[in-house]
Amino acid sequence: MKDEDIDEILKKAAQDTQDLDPLVLERIGDSIKPSLRPVRPLPPCG
Amino acid sequence: MHSGENLEMLMVRYQQGDFAAATVLVRHISPRLHRFFLAKSMSRADADDLLQETWLRIHKVRHTYRHGEPALPWFYAIARHIRVDHYRKSIRAAAGERELEEMSKGVSSAPHQVGELEALLAPLSEGQREVIAMLKVEGMSLEEVARATSSSVGSVKQKVHRAYKKLRQTIGATSPRKWRSGGLA
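As given, the protein sequences belong to chains S and Y, one line each in that order.
Under our numbering, think of the first position of the first sequence as 5, with each following residue one higher.
Under our numbering, think of the first position of the second sequence as 528, with each following residue one higher.
No lab work stands behind these hints, which were simulated from the structure alone.
All C-beta atoms, glycine included, are put in the ideal place defined by N, C-alpha and C.
With beta-carbon atoms standing in for the labels, derived distance ranges: (1) SER617(Y) with PRO38(S): 28 to 34 angstroms; (2) GLU12(S) with ALA700(Y): 17 to 23 angstroms; (3) GLU653(Y) with PRO47(S): 30 to 36 angstroms; (4) ASN533(Y) with LYS15(S): 18 to 24 angstroms; (5) GLY699(Y) with PRO45(S): 47 to 53 angstroms.
In silico DSBU-like links for lysine-lysine, alpha-carbon gap of 30 angstroms or less: (6) LYS692(Y) with LYS15(S); (7) LYS616(Y) with LYS587(Y); (8) LYS616(Y) with LYS37(S); (9) LYS693(Y) with LYS16(S); (10) LYS684(Y) with LYS16(S).
Covered stretches of chain Y (in silico footprint by chain S; criterion: 3 or more residues with CB under 8 angstroms from a CB of chain S, positions within the stretch not fixed): (11) 549 to 560; (12) 579 to 593; (13) 687 to 695.
Construct the complete structure from the given sequences, taking the supplied hints into account.
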């Protein structure tokens with residue numbers, strides 16, 4: 005069995021993974037919204 | 528939208544307090560992180576909880592994202608930490624759970640449904656599952672995986688090589704056709 009065959013099997017298995025419940029996404033959005041304010045990012049490295 | 532440029536621009540806008548950008552990030556990144564948790568032998572309910580916890584952590588430390596750096600490995604690095612924390616907590620709770628198991632004997636429990644991806648990756652070590660999930664399932668580059676796992680590209684390649692060796696044995700020992708047809712008999 006070639007690496008490409010395993011790639012294909014992995015890809016197929018991933019596609020069959022159940023979709024994420026939209027309610028979970030909604031809850032996440034709701035949880036971060038109240039405290040969403042600008043923050044000062046860390047300076048770039050180097 | 529895997530191109531890091533868009534993700535990075537959205538991260539900058541998220542840091543500026545733009546809720547629309549935050550929403551796009553949540554919708555784009557969450558399914559990937561959710562699959563990442565599911566690929567690590569986790570129930571759907573646990574994966575949902577960890578995803579929510581991951582976003583709370585992302586939100587808390589969003590200032591630590593440095594402009595110009597690839598955003599995807601930054602997200603996955605946080606998800607990894609959340610998962611490790613969860614694992615440690617579950618180890619600590621193990622003793623208590625054993626007692627609960629004794630108490631709940633006779634009460635039927637519903638084991639979580641094993642997905643095909645989870646079953647496929649089950650024989651792999653923790654580290655191998657992690658890199659395969661990021662590299663082969665999520666399509667991240669070797670460099671991105673190395674950055675997310677705080678390791679080197681060489682180390683990632685070695686894990687992938689060993690994982691494929693094991694997967695080849697596992698799939699060969701069962702029936703390649705079974706996996707290709709997408710059916711877990």
